[in-house]
Amino acid sequence: MRLGPFTPRDHVVITTLGLEFAVAVGLCTAGGFLADKKLGSTPWLSIGGVFVGFALGMYMVVKEAKRMERAEAEQKDDKKNGSI
Amino acid sequence: MEVSETIAHHILDHDLGIMLGAWHLPITAHTLTMFGISVVLLVVCILMSRTGKSVFMRLLHTLGEEYVAFMRDGIVIPGMGIEGKPFLSYFCTLFLFILFSNLAGLIPQMKTITSNIAVTGALALCSGALIVYCGVKFHGGWGFVKTFVPGGTPWWLVPLIFPLEVISLIIRVCVLAIRLFANMLSGHMVLLSLLLIIFIIGQMSKIAGAGSAVPAMGLEIFMTLLELLVAFLQAYVFTLLTSIYAGLVIHSH
Chain F
2 MRLGPFTPRD HVVITTLGLE FAVAVGLCTA GGFLADKKLG STPWLSIGGV FVGFALGMYM
62 VVKEAKRMER AEAEQKDDKK NGSI
Chain E
41 MEVSETIAHH ILDHDLGIML GAWHLPITAH TLTMFGISVV LLVVCILMSR TGKSVFMRLL
101 HTLGEEYVAF MRDGIVIPGM GIEGKPFLSY FCTLFLFILF SNLAGLIPQM KTITSNIAVT
161 GALALCSGAL IVYCGVKFHG GWGFVKTFVP GGTPWWLVPL IFPLEVISLI IRVCVLAIRL
221 FANMLSGHMV LLSLLLIIFI IGQMSKIAGA GSAVPAMGLE IFMTLLELLV AFLQAYVFTL
281 LTSIYAGLVI HSH
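In order, the protein sequence lines correspond to chains F and E.
Quick note, the first sequence lines up with residues 2 to 85 if you use this note's numbering.
Quick note, the second sequence lines up with residues 41 to 293 if you use this note's numbering.
There may be inaccurate statements among the hints.
[Said to hold, decoys possible] Non-contacting residues of chain F with respect to chain E, defined by C-beta distances greater than 10 Å in every case (computed):
| # | residue |
| --- | --- |
| 1 | THR17 |
| 2 | LEU20 |
| 3 | GLU21 |
| 4 | ALA25 |
| 5 | CYS29 |
| 6 | SER47 |
| 7 | TYR60 |
| 8 | GLU70 |
[To be verified] Simulated restraints, written as ranges between beta carbons of each label pair:
| # | chain 1 | residue 1 | chain 2 | residue 2 | range |
| --- | --- | --- | --- | --- | --- |
| 9 | F | ALA66 | E | SER245 | 52 to 62 Å |
| 10 | E | ALA62 | F | LYS64 | 54 to 64 Å |
| 11 | E | LEU99 | F | LEU35 | 26 to 36 Å |
| 12 | E | VAL79 | F | LYS77 | 44 to 54 Å |
| 13 | E | GLY76 | F | ASP11 | 47 to 57 Å |
| 14 | F | MET59 | E | ALA62 | 40 to 50 Å |
| 15 | E | VAL176 | F | ALA66 | 37 to 47 Å |
| 16 | F | ASP11 | E | THR193 | 18 to 28 Å |
| 17 | F | LEU35 | E | LEU197 | 47 to 57 Å |
| 18 | F | MET59 | E | TRP195 | 42 to 52 Å |
Since the hints were derived computationally from the structure, they do not count as laboratory data.
Ideal Cβ placement from N, Cα and C applies to all residues, glycine included.
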């Protein structure tokens, strides 16, 4: 599998993905923690929040990777059509 | 004063205690800096928009034109496409405001307002509002809601995908705020910590303290230059990410 070449825009998006993943886990865990406090179900909703956050983070990463792959394929097609 | 207290005093916001008769005005150091930056920006932008006869005025006007052209061709159109042109003024304002706010922290006695999560949160909320506005403007209210479900999703997955997509948008807005806040806060903490090394070692031994001044100041100068780069970089990244997120909403199928 070949990686790159990346545009400056790709670099910004890729470096943001890590933070998006972390924020997804943090936000969902915090949500679970608050729900736990309110419902008195400690620690199950916090644990559930961690898993939901992880799933959400993965979903965002995979979606962005697919979008970049699609954009690259479109760029290649454009180049091919242009050369013909 | 403890080291942690010194760092907190320099970085955290504090009330200036300004009173208007019996009324206590909630003006803090960050609020005052923000007012100052707004006034400076207003003056700079008014001067930029005018074509004077002096070399300085012409230079400033050319600089303004180049800046707007860079924002249009380097950030708005690559991120949002031609549909982003009406929002160019927002991006120009956003970039300059963040840049001036970041740079203000490098001036002695001034505060870095972007190291306050309330400021970056408010900026991110403005960007979030722009993203939602773009979605509603280009797809209509219901059309925007439908963009949260990617094409080809089976109907039984919609209840799962829809909330995930909504939370993704919220997370993106949060990331905008956290990224700028964390970068600016950590940069200034490092700067202060490096400076405090001299005093910490100086408390143990005055000769050692004087000896540590040279390497500590060298690192300090290096970090200040790095902060200068970070100030530009973070303003660019915040603006670019806003345009990319808005573009994703506009061009979602």
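Taking the hints in turn, this is what the structure says about them:
no.	hint	in the structure
1	THR17	violated, 6 Å
2	LEU20	violated, 5 Å
3	GLU21	violated, 5 Å
4	ALA25	violated, 5 Å
5	CYS29	violated, 8 Å
6	SER47	holds, 17 Å
7	TYR60	violated, 6 Å
8	GLU70	holds, 15 Å
9	ALA66/F <-> SER245/E: 52 to 62 Å	holds, 55 Å
10	ALA62/E <-> LYS64/F: 54 to 64 Å	holds, 56 Å
11	LEU99/E <-> LEU35/F: 26 to 36 Å	violated, 54 Å
12	VAL79/E <-> LYS77/F: 44 to 54 Å	holds, 50 Å
13	GLY76/E <-> ASP11/F: 47 to 57 Å	violated, 37 Å
14	MET59/F <-> ALA62/E: 40 to 50 Å	violated, 56 Å
15	VAL176/E <-> ALA66/F: 37 to 47 Å	violated, 28 Å
16	ASP11/F <-> THR193/E: 18 to 28 Å	holds, 26 Å
17	LEU35/F <-> LEU197/E: 47 to 57 Å	violated, 27 Å
18	MET59/F <-> TRP195/E: 42 to 52 Å	violated, 23 Å
This entry does not satisfy hints 1, 2, 3, 4, 5, 7, 11, 13, 14, 15, 17, 18, going by the numbered hints stated previously.
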